[in-house]
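Protein chains in written order, with the numbering used here: chain A, 136 to 238; chain B, 23 to 119; chain C, 60 to 565.
Just so you know, the hints here were simulated from the structure itself, not pulled from any lab data.
Every residue, glycine too, gets a C-beta built ideally from N, C-alpha and C.
Among these hints, one or two may not hold up.
To be verified - Computed cross-link-like contacts, DSSO-like style, restricted to lysine-lysine with a CA-CA straight-line distance of at most 27 Å:
| no. | chain 1 | residue 1 | chain 2 | residue 2 |
| --- | --- | --- | --- | --- |
| 1 | C | Lys210 | C | Lys371 |
| 2 | A | Lys233 | C | Lys500 |
| 3 | A | Lys230 | C | Lys370 |
| 4 | A | Lys230 | C | Lys97 |
| 5 | A | Lys234 | C | Lys500 |
| 6 | C | Lys419 | A | Lys137 |
| 7 | C | Lys425 | A | Lys233 |
| 8 | A | Lys234 | C | Lys64 |
| 9 | C | Lys345 | A | Lys137 |
| 10 | A | Lys234 | C | Lys410 |
| 11 | A | Lys137 | A | Lys230 |
| 12 | C | Lys425 | C | Lys410 |
| 13 | A | Lys233 | C | Lys97 |
| 14 | C | Lys345 | C | Lys419 |
| 15 | A | Lys137 | C | Lys370 |
| 16 | A | Lys137 | C | Lys371 |
| 17 | A | Lys234 | C | Lys419 |
| 18 | B | Lys104 | C | Lys419 |
| 19 | C | Lys371 | A | Lys230 |
Claimed, not checked - Which chain B residues face chain C? A few, computed with CB under 7 Å, are given here:
| no. | residue |
| --- | --- |
| 20 | Val37 |
| 21 | Pro38 |
| 22 | Ile42 |
| 23 | Gln49 |
| 24 | Leu51 |
| 25 | His70 |
| 26 | Gly73 |
| 27 | Phe81 |
| 28 | Lys90 |
| 29 | His108 |
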Amino acid sequence: MKNPVGPVLSMCDEVEQVIAAIEDDNPGTDIEVIDRGAYVRVQGENEITVTQQTLRRYLGADFEIRSFETMMTAFNGRAITTSDAITWQSVGLRKAEKKAATS
Amino acid sequence: MTQELGAQDLAPQLVPLNAIFATDFVQILVPVTTANTMQEVAAAVAHHVEGRRVRAQPFEKVVIHNGKRLPADMTVAAAGIKPLDHIAVEYDIPEQS
Amino acid sequence: MALLKREEWQGFVRDVDWSYSYVDDSAVFPEWHCGTGKVPREAWSAWEEDYKVSYPEYVATQREKEASAYAVKSALQRSTTFDHLDEGWKSATKMHFGGVALVEYAAVLAELKMARFGLNGAWRNMATFGQLDELRHAQITTFFGHEFIGKDAQYDWTQKAFHTNDWVLISLRNLFDGMMIAPNVVDLAIELPLTFETGFTNLQFVALASDALESGDVNFANMISSIQTDEARHSQQGGPTLEILVEHDPVRAQWVIDKAFWGSARAFAALTGPAMDYYTPLEHRKQSYREFMEEWIIDQFVHTIEEYGLKKPWYWDEFMRGLDIWHHGLQMGLWYWRPTLWWRPKAGVSKDERAWLAEKYPNWEKVFGDKWDVLIDNVNANNLEATLPETLPWLCSTCHLPACNATQSRDGTWRVRDWSLQYDGRTYHFCTNGCRQIFWKDRDNVNHQTLIDRFLAGQIQPMDVGGILGYMGLTPDVMGDDPDYEAWTKDYVGRPVEGISLAAQS
């Protein structure tokens with residue numbers, strides 16, 4: 136992967152479900168999972184997203200996306216948080232998007 | 023005009039040095055005096071390292087200062103070694119032919 | 060009733076910049092704190108964080124994190140887990156508690172400075188959460204370490220360490236004062252959140268958690284992981300700041316990163332390096348320090364700074380070569396000067412451990428093996444005296460760590476070299492060319508005096524080993540010693556020995 140982006144999850148009971156949710160939310164992207172015991176890297180090329188809707192399907196209807204932070208010890212790229220989703224984007228892509236938005 | 027004392031007549035002054043002994047892993051602080059000879063300086067540096075971290079070898083030790091090997095009987099004052107100067111102490115290993 | 064989405068209201072409460080009519084902008088945002096430099100004041104209006112959080116969200120999430128960390132702690136308090144931890148691993152945690160607890164407090168002050176002087180409302184908002192984070196880290200680290208004092212007096216240094224003049228602490232104070240206390244907020248955001256927190260802290264708080272978990276220290280693994288979830292968020296103050304600085308003053312941006320990166324790399328070589336490659340029991344090591352550095356720093360961080368349009372620092376080759384050397388030299392120094400530590404440093408050079416080191420670091424035997432062999436032979440000859448220091452290692456005038464970095468000559472031999480310079484009528488010595496160069500560029504900054512400077516100025520009395528240990532605050536009950544000499548020397552008992560300390564042979 137040239138520009139891997141995505142969360143680094145700390146070891147917790149929900150890791151497998153979170154990975155499944157990320158895979159569901161990024162159908163066209165290869166999701167790489169690197170397991171180092173205490174932490175698991177989940178990454179895709181340039182941009183990946185996870186939504187509250189999908190997370191709720193795996194983690195229960197009361198899951199709040201803000202709680203994702205309790206599992207994320209680090210991440211690669213820029214993390215863009217909204218009240219429905221988190222997107223990890225490479226710095227290059229983020230810059231290009233911002234530029235396009237202002238011009 | 024006042025009289026200047028020669029190096030021989032000056033009371034010894036403390037000269038703290040930054041020293042490395044041969045293949046040791048670290049620079050160390052070694053205090054010597056202006057009156058010490060290079061042989062004594064080499065021994066003072068070796069005391070902290072030789073046989074402790076670097077195996078003792080049966081060769082003379084030589085002091086190197088500013089890239090120059092200094093004679094064993096030369097004093098610190100005569101060699102112009104100043105406080106906080108760096109010296110290296112090396113085994114004088116005869117060249118094998 | 061449906062609540063408004065955060066995106067629908069956050070701008071109104073967060074963007075609280077306005078034009079001052081009673082005072083000048085420079086009275087509210089003085090240059091010496093704000094450091095806008097060549098960046099036009101109005102350029103900061105573009106500052107925007109990607110990682111957004113509101114106060115209600117913040118409070119709810121932090122509460123969950125705290126509840127979970129303390130639940131693990133109280134569950135384990137009733138178990139015997141701690142008593143079964145390896146001494147080496149415990150040392151890694153003592154080093155962490157003492158070296159980190161009050162740095163977290165210094166980070167509170169740094170975040171508060173950004174919360175007040177940050178040049179955009181969004182930035183100040185984020186820093187406000189950041190200072191609450193750091194307050195939590197100072198508290199949780201101090202509290203978790205404190206729990207063990209009853210079992211082991213060395214844990215008392217969790218709180219005590221930064222109040223002493225121990226050389227390790229002088230080095231860390233120098234680094235963090237330079238990174239957190241001294242700089243204006245622009246430099247601060249790039250040194251602390253961007254370089255230190257997105258780069259290096261991951262090594263000590265995420266990567267080390269792997270070793271912690273393998274070593275059976277679930278509580279510690281959980282604590283540092285929990286802390287790092289905060290860091291991951293507030294470290295995001297770095298990106299938007301860097302973006303703006305790079306656009307207007309790329310030379311300054313590069314220098315600030317170069318300096319912070321180098322200082323961090325030196326400190327982590329001293330602390331994380333030995334913890335990963337020597338203190339963590341061999342069977343519990345997930346990866347080597349070098350491999351963790353490659354994963355977290357070389358790949359991830361360097362990729363990031365290049366994406367921002369910056370270059371690898373000028374010292375890159377020296378830094379990369381140092382990955383195989385620095386922490387091994389420091390490990391030998393920590394071990395040799397072990398009475399100056401508040402933990403029990405494991406030597407970690409039994410035959411199996413050496414085989415692992417040689418596999419991970421192909422030059423290890425060549426550079427360090429011969430010296431460990433002499434130390435081993437002295438231990439086996441029952442001459443511990445020869446393995447204890449009678450003078451100080453030379454401490455670098457930039458990083459304040461022992462100058463112990465061998466480099467390879469053209470003829471293939473490895474030697475420690477002198478890196479020195481003359482300035483203002485005196486000679487300064489450095490551990491590396493990088494430290495020498497940074498000192499020169501920063502030479503008019505006020506730097507802490509090294510322990511050597513203090514010793515030579517007569518501040519340490521009496522001028523002997525006892526005086527030095529007293530000055531550093533070390534008392535016999537905490538003074539470091541090897542936890543188990545036999546563990547790493549028994550493999551070598553009975554081998555032929557020559558050239559060891561004369562005292563042993565007499």
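The hints, checked one at a time:
no., hint, in the structure
1, C:Lys210 / C:Lys371, "violated (46 Å)"
2, A:Lys233 / C:Lys500, "violated (35 Å)"
3, A:Lys230 / C:Lys370, "holds (17 Å)"
4, A:Lys230 / C:Lys97, "holds (22 Å)"
5, A:Lys234 / C:Lys500, "violated (35 Å)"
6, C:Lys419 / A:Lys137, "holds (26 Å)"
7, C:Lys425 / A:Lys233, "violated (52 Å)"
8, A:Lys234 / C:Lys64, "holds (26 Å)"
9, C:Lys345 / A:Lys137, "holds (25 Å)"
10, A:Lys234 / C:Lys410, "violated (58 Å)"
11, A:Lys137 / A:Lys230, "holds (17 Å)"
12, C:Lys425 / C:Lys410, "holds (15 Å)"
13, A:Lys233 / C:Lys97, "holds (23 Å)"
14, C:Lys345 / C:Lys419, "holds (12 Å)"
15, A:Lys137 / C:Lys370, "holds (17 Å)"
16, A:Lys137 / C:Lys371, "holds (17 Å)"
17, A:Lys234 / C:Lys419, "violated (44 Å)"
18, B:Lys104 / C:Lys419, "violated (42 Å)"
19, C:Lys371 / A:Lys230, "holds (20 Å)"
20, Val37, "violated (11 Å)"
21, Pro38, "holds (5 Å)"
22, Ile42, "holds (5 Å)"
23, Gln49, "holds (4 Å)"
24, Leu51, "holds (5 Å)"
25, His70, "holds (5 Å)"
26, Gly73, "holds (4 Å)"
27, Phe81, "violated (11 Å)"
28, Lys90, "violated (14 Å)"
29, His108, "holds (4 Å)"
The structure shown violates the earlier hints numbered 1, 2, 5, 7, 10, 17, 18, 20, 27, 28.
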